[in-house]
Amino acid sequence: MKSKANQSQGLLLFHLSRSQLFAMGTLKIRELVPYTHLNALPQSHPAVLGTATVRGQTISVIDMAAAVGYPPVTDEERSKCFIIITDCQRMLIGFLVRGIDKIIECNWRDILSPPDNLGRNAFLTGVTRYQDKLVQLLDVELLLSKIFPIKEDKRIGILTDVQREQLKPMNILLVDDSKVARKQLSDALDAINISYRVASNGRDALDMMSQSADEKRPVDILVSDIEMPGLDGYELAFEVKNDTALASAYIILHTSLSSEISVSQAKQVGADEALTKFDAQELISAMLRGVERKSSPQS
1 MKSKANQSQG LLLFHLSRSQ LFAMGTLKIR ELVPYTHLNA LPQSHPAVLG
51 TATVRGQTIS VIDMAAAVGY PPVTDEERSK CFIIITDCQR MLIGFLVRGI
101 DKIIECNWRD ILSPPDNLGR NAFLTGVTRY QDKLVQLLDV ELLLSKIFPI
151 KEDKRIGILT DVQREQLKPM NILLVDDSKV ARKQLSDALD AINISYRVAS
201 NGRDALDMMS QSADEKRPVD ILVSDIEMPG LDGYELAFEV KNDTALASAY
251 IILHTSLSSE ISVSQAKQVG ADEALTKFDA QELISAMLRG VERKSSPQS
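Yeah, the sequence shown ends on 299 if you go by the UniProt record's numbering, and it's all consecutive.
Treat the hints loosely; a few may be bogus.
[Stated by the list, open to error] The calculated label-pair distances, taken between Cβ atoms and stated as ranges, are:
1) S248 to E31: 34 to 44 Å
2) R217 to N39: 50 to 60 Å
3) D187 to I100: 55 to 65 Å
4) R55 to S296: 21 to 31 Å
5) Q163 to Q268: 22 to 32 Å
6) T160 to D132: 35 to 45 Å
7) R197 to Q163: 17 to 27 Å
8) I103 to R55: 13 to 23 Å
9) P149 to R129: 25 to 35 Å
10) S19 to K294: 24 to 34 Å
11) S296 to K146: 37 to 47 Å
[Claimed, not checked] With a cut-off of at most 25 Å between alpha-carbon atoms, the simulated DSS-like pairs for lysine-lysine come out as follows:
12) K146 to K168
13) K80 to K151
14) K80 to K102
15) K154 to K168
16) K151 to K183
Keep in mind the hints are simulated off the structure, nothing from the lab.
Even for Gly, the Cβ is constructed at its ideal location relative to N, Cα and C.
Work out the full structure: start from the sequences and follow the hints.
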């Protein structure tokens, strides 16, 4: 059986400084526009430069360099800059960058996890190389969480005592390459007293699932990000469904992508659901649907 997941996905290469190349997956990107006039946004985060009107929509624009610790873009530089319009985490957001390099095709298996010694505040989810240059993949979720913190009513879900008892026996595995996303997931389940395990990439998740199956306690519910270095969520879902020892897992692809493309492809690779980050109540409801599926007679 051949995977319908396409390991070759686009990466947009861009500059926040003169030398270092940064990248963002093209699935997050709606369009690229030259710098345009910005309207001031009072009482906003220091990295928010203002708002731009693009195709009739008002979009907040973030100085990405300043947001991740590089020197801010100066007024004199702005005319040569570009704005990356992203559709991410249920928001249209513009990121001002110093320069656009190019879009390349990249095999996500060639993307490595960032070194552990970068520290907790490093805005990276992976590193790769292009024409002998180091390319750093930015953790857009971490960046957005610093500027637009998730509202309290989205962080914690609610369930009944009966639903909690239904979820408690489930062997739940959470997979995400973003540190902030892993914490969001963990906090949501900790708040309702549900146990789980965590993996930071698809390959480790697949190994953990295989070991659990060997121990006669297969994973019941898999919650996985889509864009991950090494083995992305699409490929992970396909590998799980293609292995009879693992295939009973209820797969929820949990992504910052807001595009319909992610939902459509999720179904193609065998995932049961695709959710947009982050709404704890939606996630818990999806897990409960997984419990219902597993307890139904046809399971």
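Go through the numbered hints given earlier and state which of them the structure violates, listing their numbers in rising order. When the structure is compared with the hints, numbers 3, 4, 6, 10, 12 and 13 turn out to be violated.
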